[in-house]
Amino acid sequence: MAKQHYATSSLVIGYALCSSLLAIINKYAVTKFNYPGLLTTLQYLTSAAGVWALGKLGFLCHDPFNLETAKKFAPAAIVFYLAIFTNTNLLVHANVDTFIVFRSLTPLLVAIADTTFRKQPCPSKLTFSSLVIILGGAVGYVITDSAFSLTAYSWALAYLVTITAEMVYIKHIVTNLGLNTWGFVLYNNLLSLMISPIFWFLTGEHKSVFSAVESRVEGWFQLDAFVAVALSCLFGLLISFFGFAARKAISATAFTVTGVVNKFLTVAINVTIWDKHASAF
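Position 129, counted from 1, in the sequence shown is what numbering that gives the first Met the number 0 calls 128; the numbers after and before it change by one each time, with no gaps.
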């Protein structure tokens, strides 16, 4: 029992660290490499290829890819892709603080959805009251945000809806599909990689990418952009593993709360390293 407790704690801490750092890394990456669709595609490619390669080398064991399982997992991959897509575009149009505020609303929504759709126990009155207080804080932030932008808040609302659906639905999938953790990482990232080109063309980003490659736009081949993208891809793989492992170990609401609490570290780093944060003036 003690070993299981320590294992669960390690997975939750690993997820919390990756999640807190990835928000900053992704913001830095889209600042240096302003192609959010391509950035997420590279993250999926790195994660899927990394799992496959490490599996071939014998460093890890993952479930084999087959079409029947892929069909069952496909809806979860679509929801996951939409959550990452809206998240990345939110970071393009808003500061990290705005992202954190809307992310902090998800525990309340996930708790309600988990109880409604997955028939999980209702949160205690104290827990529910705490989540409502967070909602009040978020409303206050929106009212006083001097950098209010309709585009940014549209992406924020889209992100809020998709991340809530993702938290609840993927918990359902990891509970019932029976893959191991690395199997979930492989299926999720490989299927998301297959979906990516659709959104490239829907958003028109492919035109910007092709134009930048042809004209060798400054910034495309710079070292800082490469480092930012590489870090983003590495942490994408790490959070994929710790995320799915933690989802298996704890409830959807607890997982969501973990994803919010770790943002204290994100805020501290965000305020320290640059001026891309909120101001009331």
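Hints are not guaranteed to be accurate.
The calculated lysine-lysine pairs, modelled on DSSO-like cross-linking and capped at a C-alpha distance of 30 Å, are [what the hints assert, rightly or not]: (1) Lys247 - Lys31; (2) Lys70 - Lys31; (3) Lys124 - Lys31; (4) Lys55 - Lys71; (5) Lys124 - Lys71; (6) Lys71 - Lys206; (7) Lys247 - Lys70; (8) Lys247 - Lys118; (9) Lys55 - Lys31; (10) Lys247 - Lys55.
Pairwise CB distance ranges (calculated) [what the hints assert, rightly or not]: (11) Ser148 - Ala69: 48 to 56 Å; (12) Gly135 - Ser250: 18 to 26 Å; (13) Thr271 - Ile197: 20 to 28 Å; (14) Leu222 - Trp51: 38 to 46 Å; (15) Val212 - Thr143: 35 to 43 Å; (16) Thr114 - Ala6: 35 to 43 Å; (17) Ser207 - Ile132: 16 to 24 Å; (18) Pro74 - Leu53: 44 to 52 Å; (19) Ala6 - Gly135: 16 to 24 Å; (20) Thr7 - Val212: 21 to 29 Å; (21) Ala6 - Gly177: 40 to 48 Å; (22) Leu156 - Phe127: 17 to 25 Å; (23) Val138 - Leu66: 27 to 35 Å; (24) Glu67 - Ile132: 26 to 34 Å.
If you are wondering where the hints come from, they were derived from the structure by calculation, not from laboratory data.
We put the beta carbon where it would ideally sit given N, CA and C, even for glycine.
Do the hints match the structure? See the list:
no.: 1; hint: Lys247 - Lys31; result: violated (35 Å)
no.: 2; hint: Lys70 - Lys31; result: violated (36 Å)
no.: 3; hint: Lys124 - Lys31; result: violated (45 Å)
no.: 4; hint: Lys55 - Lys71; result: holds (25 Å)
no.: 5; hint: Lys124 - Lys71; result: violated (36 Å)
no.: 6; hint: Lys71 - Lys206; result: violated (33 Å)
no.: 7; hint: Lys247 - Lys70; result: holds (21 Å)
no.: 8; hint: Lys247 - Lys118; result: holds (17 Å)
no.: 9; hint: Lys55 - Lys31; result: violated (34 Å)
no.: 10; hint: Lys247 - Lys55; result: holds (25 Å)
no.: 11; hint: Ser148 - Ala69: 48 to 56 Å; result: violated (38 Å)
no.: 12; hint: Gly135 - Ser250: 18 to 26 Å; result: holds (24 Å)
no.: 13; hint: Thr271 - Ile197: 20 to 28 Å; result: violated (38 Å)
no.: 14; hint: Leu222 - Trp51: 38 to 46 Å; result: violated (28 Å)
no.: 15; hint: Val212 - Thr143: 35 to 43 Å; result: holds (42 Å)
no.: 16; hint: Thr114 - Ala6: 35 to 43 Å; result: violated (27 Å)
no.: 17; hint: Ser207 - Ile132: 16 to 24 Å; result: violated (42 Å)
no.: 18; hint: Pro74 - Leu53: 44 to 52 Å; result: violated (27 Å)
no.: 19; hint: Ala6 - Gly135: 16 to 24 Å; result: violated (36 Å)
no.: 20; hint: Thr7 - Val212: 21 to 29 Å; result: violated (45 Å)
no.: 21; hint: Ala6 - Gly177: 40 to 48 Å; result: violated (19 Å)
no.: 22; hint: Leu156 - Phe127: 17 to 25 Å; result: holds (22 Å)
no.: 23; hint: Val138 - Leu66: 27 to 35 Å; result: violated (46 Å)
no.: 24; hint: Glu67 - Ile132: 26 to 34 Å; result: violated (46 Å)
In summary, the numbered hints that this structure violates are 1, 2, 3, 5, 6, 9, 11, 13, 14, 16, 17, 18, 19, 20, 21, 23, 24.
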